[in-house]
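Asker: Whenever a hint applies, use it, and build me the whole structure from the sequences.
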Amino acid sequence: MECPYCHYIETKVTDSRDTGTLSIRRRRECLKCNKRFTTYEYIELTPIYVKKKDSRLEKFDRNKIKNGIMKALEKRPIDHDKIEEIVNSIEEKIRRSGKEEIESKLIGEFVMEKLKETDHVAYIRFASVYRSFTDISSFQEEVKNLIEHSTGGVKK
Numbered sequence: 001m002e003c004p005y006c007h008y009i010e011t012k013v014t015d016s017r018d019t020g021t022l023s024i025r026r027r028r029e030c031l032k033c034n035k036r037f038t039t040y041e042y043i044e045l046t047p048i049y050v051k052k053k054d055s056r057l058e059k060f061d062r063n064k065i066k067n068g069i070m071k072a073l074e075k076r077p078i079d080h081d082k083i084e085e086i087v088n089s090i091e092e093k094i095r096r097s098g099k100e101e102i103e104s105k106l107i108g109e110f111v112m113e114k115l116k117e118t119d120h121v122a123y124i125r126f127a128s129v130y131r132s133f134t135d136i137s138s139f140q141e142e143v144k145n146l147i148e149h150s151t152g153g154v155k156k
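Just so it is clear: in the sequence shown, position 35 is 35 by the numbering used here, and no numbers are missing.
Please keep in mind that the hints were generated in silico from the structure rather than gathered at the bench. Owing to the predicted nature of the structure, the values given are computational and were not obtained by experimental measurement. Every clue listed holds true.
List of simulated lysine-lysine pairs, BS3-like, C-alpha gap at most 27 Å:
| id | residue 1 | residue 2 |
| --- | --- | --- |
| 1 | Lys59 | Lys71 |
| 2 | Lys53 | Lys99 |
| 3 | Lys64 | Lys75 |
What follows is a set of in silico ranges between Cβ atoms, one per label pair, in the way DEER data are often shown:
| id | residue 1 | residue 2 | range |
| --- | --- | --- | --- |
| 4 | Val121 | Glu58 | 26 to 34 Å |
| 5 | Ser137 | Tyr49 | 30 to 38 Å |
| 6 | Ser16 | Ser128 | 35 to 43 Å |
Glycine included, C-beta positions come from ideal geometry on N, C-alpha and C.
Answerer: Right, here's the structure in full:
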């Protein structure tokens, strides 16, 4: 594995952790500059295609889910490992369906479900874009529903 800092080829693995059924997280250390970095190994599976609103098909890209979640969780007290766990959980749910094609709307619902469990502020942020709130009353209604169905232990 090439060091991202000095580009030396030799590194050593200092820690490996299973992050779920689809990936392994590895901490590595460069043998030249001694800097540490994290890598993830993913299982290569049969491609899944996402059916967009306009009926176009796009190859499934877990990074799109991750980027959307990271935007929603920006400046929230959730660490990178938790984000990976959420993305892995969503990807696993999609793959377990056994379908080669999934609607983008369903993926959005999966993301909202996980964010609702994780962080209410992030959930509202994501919902405001995903559901295309057109006015303040739509936003207020979503917050009201969230409060009414809130469970203990979730960051608000």
